[in-house]
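Number of protein chains: 4
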Amino acid sequence: DEMLFNVSSRSMASKTPVGFVGLGNMGTPMAKNLLKNGYPVIATDVFPESRKELQDTGAQVVDSPADVAEKADRIITMLPSSPNVIEVYTGPNGILKKVKKGTLLIDSSTIDPAVSKEMAVAAEKMGAVFMDAPVSGGVGAASMGKLTFMVGGVEQEYNAAQELLTCMGANVVYCGQVGTGQAAKICNNMLLAIGMIGTAETMNLGIRLGLDPKLLAKILNMSSGRCWSSDTYNPVPGVMEGVPSANSYQGGFGTTLMAKDLGLAQNTATNTKTTIPLGSLAHQIYRVMCARGYANKDFSSVFQFLREEEGQ
Amino acid sequence: DEMLFNVSSRSMASKTPVGFVGLGNMGTPMAKNLLKNGYPVIATDVFPESRKELQDTGAQVVDSPADVAEKADRIITMLPSSPNVIEVYTGPNGILKKVKKGTLLIDSSTIDPAVSKEMAVAAEKMGAVFMDAPVSGGVGAASMGKLTFMVGGVEQEYNAAQELLTCMGANVVYCGQVGTGQAAKICNNMLLAIGMIGTAETMNLGIRLGLDPKLLAKILNMSSGRCWSSDTYNPVPGVMEGVPSANSYQGGFGTTLMAKDLGLAQNTATNTKTTIPLGSLAHQIYRVMCARGYANKDFSSVFQFLREEEGQ
Amino acid sequence: DEMLFNVSSRSMASKTPVGFVGLGNMGTPMAKNLLKNGYPVIATDVFPESRKELQDTGAQVVDSPADVAEKADRIITMLPSSPNVIEVYTGPNGILKKVKKGTLLIDSSTIDPAVSKEMAVAAEKMGAVFMDAPVSGGVGAASMGKLTFMVGGVEQEYNAAQELLTCMGANVVYCGQVGTGQAAKICNNMLLAIGMIGTAETMNLGIRLGLDPKLLAKILNMSSGRCWSSDTYNPVPGVMEGVPSANSYQGGFGTTLMAKDLGLAQNTATNTKTTIPLGSLAHQIYRVMCARGYANKDFSSVFQFLREEEGQ
Amino acid sequence: DEMLFNVSSRSMASKTPVGFVGLGNMGTPMAKNLLKNGYPVIATDVFPESRKELQDTGAQVVDSPADVAEKADRIITMLPSSPNVIEVYTGPNGILKKVKKGTLLIDSSTIDPAVSKEMAVAAEKMGAVFMDAPVSGGVGAASMGKLTFMVGGVEQEYNAAQELLTCMGANVVYCGQVGTGQAAKICNNMLLAIGMIGTAETMNLGIRLGLDPKLLAKILNMSSGRCWSSDTYNPVPGVMEGVPSANSYQGGFGTTLMAKDLGLAQNTATNTKTTIPLGSLAHQIYRVMCARGYANKDFSSVFQFLREEEGQ
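Chains as they are written, first to last, in my numbering: chain A, 1 to 312; chain B, 313 to 624; chain C, 625 to 936; chain D, 937 to 1248.
Among these hints, one or two may not hold up.
Said to hold, decoys possible - Pairs of lysine-lysine, DSS-like flavour, derived with a Cα cap of 27 Å:
| # | chain 1 | residue 1 | chain 2 | residue 2 |
| --- | --- | --- | --- | --- |
| 1 | D | 1154 | C | 842 |
| 2 | A | 117 | B | 530 |
| 3 | C | 770 | D | 951 |
| 4 | C | 838 | D | 1034 |
| 5 | C | 897 | D | 1154 |
| 6 | D | 1209 | A | 273 |
| 7 | B | 585 | C | 741 |
| 8 | A | 273 | B | 585 |
| 9 | C | 842 | D | 1082 |
To be verified - Facing chain D, according to a computed beta carbon distance under 7 Å, are these residues of chain C, among others:
| # | residue |
| --- | --- |
| 10 | 828 |
| 11 | 845 |
| 12 | 847 |
Please keep in mind that the hints were generated in silico from the structure rather than gathered at the bench. Yeah, the Cβ is synthetic: ideal placement off N, Cα and C, and Gly gets one too.
All chains, full assembly: derive it from the sequences and hints.
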């Protein structure tokens, strides 16, 4: 079996070059962590400045995804959305134009799992292996190599993927067949959005009813209302330190990014005829927040959005 | 200050009789725990069988709340809803008809905090002190004396209340002025409902997208989607043991009770002009579940409610 | 039957004085229309300026609702909310303190129908008859005597009420027992709010998809999407003339008033365990609009609220 | 310009054969109406029985869409969903495999407008013209030739399309560029769904508050709550005759079909970042109704779905 032979040759020669496509805010620190771990990196991006920055750190830079595929048999992609992924893999200068048999393709973008599955089918036709491995954790976690990867794809390739992903992340979780990494990411973020808006509503209601916000958070956190948004990332200014609500909702995870992920959740739910009433409403709330000036604030700013203005 | 004098005479004579009004599923085990802790109990209820049961355990039974008030200067009430509380306190045979000055009145019912405040004003006119102290935890916790009490009322009376409540609960939390106990209870249950429906939607979506439910729960619980409903009371059959989802959604906290608490949350939000989009939708979902045959199932059965029927 | 005797003496002497309590933006033009129709008016209000204005138009002004009740056996009240109605009828200087047997009490305030029923019971105890008759139509309709009255109360009193209401309105509709006038008003406004938000969402979506707004309105209005908000009060600037959307959403029916009516709808739904998912969400949307600066704009400004700002 | 020449030769020879692909419940009566109007029809469908039925009525039947395209330069397609449309146009035996230059392609399916645009681009590459022309009106309207067509595409081709569509419909509306026919259809049905659920909630609330349903409908229909669902298709049994609510919600427009159209509305809204809170919730409500046994009932059965069961 030629493909398996290639796989095993990959594993044996682990410090051979690794390709990287997509050098944005997340991709650049991820690629740097591969370099730090001793992997030669062959990278590209549409923006020359991004290519230049990585070149200065020691990576070899090439012109297109196809060129990356010519020189590396393990490639990581980190792109903003589904159309970019489709272009980078199947476009005229895409990876699949020159991919070698047995190449391991790991996509860390957050996209529709249906697109991940299409890419896997297209890769398989060329004798390559595609896995989806979206991340949780932001730019800070990417810099420190503390991301969490949720990985979908054929199980026998998981170890090969894990070897690279552990250079960039603290947790690597195998989720199942292709697309389940995306599914896990989307599910987590949908529940996160619901928990955050729910916490914001609840804290606001409690304050209006005369409760001290710190005390209310404490009560919720020892009770059945407890959630990550109440005990780790409380949206009410003054309740916790070191979170965006303590810093005018700067930094953190932007409202537009949350709106995007909820759009993916909505699409997958519609396509699978799944009922998600709170997830749908959370999507609409983050969407209207983008329209009302909250696009670049942390998603916990929903607390501020819901609170009345006058006389407060 | 006569009132303070009475208060302090109460504290000194702590094993004097305690009154108890409302001997339902919750009230009966609570009253029994007072007896176990050595307090004489003077009780009443509208149902003769309930009175009989407590009499057999050693309580003295009287005919009306007014009669209880004549014989005890510390009284606990545990009733189904606001109208019952209004009747028991201010009705023709109500507590306030014969209450003694300085009596401590503790209401453990879950009701509208505005009603708690009204009762406090009415009690104060008679020289008595009213505190709200709703509970979390069900019949099991009531039997084992493991309830959590959230207490609202004047702070200098809190110690006196705590002395009795610790006989019936494992946690007693002081929340602030009268009504804040109710507020804390309502806030917790609103966030609980949101978290539960959110968890049900998310688990359902993940399963549809090919994820194993146990694995998905594990991923959520180590990520930002984590909440009490995902890690302690998961609504998907087969994920956890010892929870209602493992037992056809029997036992636990019934959908009608959750719908009632969400109705209280909605009322307080409307009255205070607080925006609670997810809380309102959660209320509507539990309301329609009551209409569609889920009234007596545990509230985690929302997972079953949202799932499509076979063959569609 | 003394009460019936009084009723019939009322009908025979129709130009005897009519009482009026509540001289706000709506009450003042309503009372003036009674004067225009030849009825002596005995009025009061908490604000001296309002009393003065009506006095200058020919009304007799007195100090309190009780004083009105002493001098008139037909009284109309027009007040902002439930607590005002309770005060004006049952307060220390309230109408029921001095009401004469057989007096006809017509409340045109928009309030909770449960409060209307309580007032009717209290009135009946004094031998008086209470009817609820909330209006639709704004200040303009009030000035021109073109209001619509929805009337609840005992049917045999309806003619007596109608005689007065036709001086102030173009339509008077008998709805049934006490409280059903309020019910009809609340129901209409809930469906109005849903239709308006739905129209705003739909027009916005169509525009984003490349449709001309006037053409889209035309298509909807000849199809099953047709509603009052699409064909008579379109929320999109440029589609219709003479509506608030053509005038920066000034005038019309303010967002705070709609939020108030939706709060009443929510309360009655919660109390009757009725599921109103869209009505609840409409309430929350108008609530958050009040918080975000839309309080005093016409309720059709939801179109503007939902549209994205940046880059459009 | 060869394409324009072909177009004009089409117009001149108007009774040349017309192709028809998709002989389902809607397509079959539509094709029959073309036959009735004197157009030879060349048709195909995946199901032999459907082909047979149309053959018996006088149509020529061929094996594939490609074969239709070989023999007709005006083709109408009527298919269940986007993937079918993509297959019929661009699949291995699809229309575009053998389409003649200048052919007029009219797609009456209800699909995502983005897919309509893709088909138009693909058709243009082959020198053909694609228009979207979804319908409103059900099987009855299709049989009687009373459908409404909403047409998107280049304006100079509209007359040619109109010639054929008027054989099958009573109204043909030109909406704008390709995709706007779909947009108009989707917008109308989204507002229809919102109006229907809103009417159901409102009627239910009014009945609970003591109003007679016929009277309430009458009041709404003379007021600002008026909409097509209240005045033409009332969902409450007993209010109107000749509508599905008068016939156990049989016939009419099925809940699954409405859920599908709302899914399209949601997709287009997500893709264009449009906020549709009520539209989203309406989608979720029809989705959960499909899951709870209402899939094949008329969409006005939401009234029944929301009502509480007896005895609660």
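- Item | Restraint check for residue 1154(D) with residue 842(C), where alpha carbons must lie at most 27 Å apart | Status holds; Cα separation ~25 Å.
- Item | Pairwise hint evaluation, residue 273(A) against residue 1209(D), where the allowed Cα distance is 27 Å at most | 21 Å, holds
- Message: For a C-alpha distance cap of 27 Å, please report whether residue 117(A) and residue 530(B) respect it.
- Response: Holds, because 24 Å separates the two Cα atoms, which is no more than 27 Å.
- Message: For residue 897(C) and residue 1154(D), compute the direct alpha-carbon distance and say whether it is at most 27 Å.
- Response: 24 Å, holds
- Message: Please verify whether residue 838(C) and residue 1034(D) have alpha carbons no more than 27 Å apart.
- Response: 40 Å, violated
- Message: Just to be careful, I want the Cα atoms of residue 273(A) and residue 585(B) compared with a cutoff of 27 Å; is the pair within it?
- Response: The hint is violated at about 35 Å.
- Item | Proposed interface contact between residue 845(C) and chain D, which counts if any beta carbon pair is under 7 Å | Not OK, violated: residue 845(C) not within 7 Å of chain D, min 10 Å.
- Task: Given the hint that residue 585(B) pairs with residue 741(C), test it: the Cα-Cα distance must not exceed 27 Å.
- Result: Cα-Cα ~25 Å, so holds.
- For the pair supplied as a hint, residue 842(C) and residue 1082(D), is the alpha-carbon distance within the 27 Å limit? Roughly 19 Å separates the two Cα atoms, so the pair holds.
- Query: Are the Cα positions of residue 770(C) and residue 951(D) separated by 27 Å at most?
  - Reply: 59 Å, violated
- Task: Double-check residue 828(C) for me: the hint is only fine if its C-beta lies closer than 7 Å to a C-beta in chain D.
- Result: 6 Å, holds
- Query: Can residue 847(C) be said to touch chain D, with a Cβ gap under 7 Å?
  - Reply: 5 Å, holds
Taken one by one, the earlier hints fail for this structure at numbers 3, 4, 8, 11, listed in ascending order.
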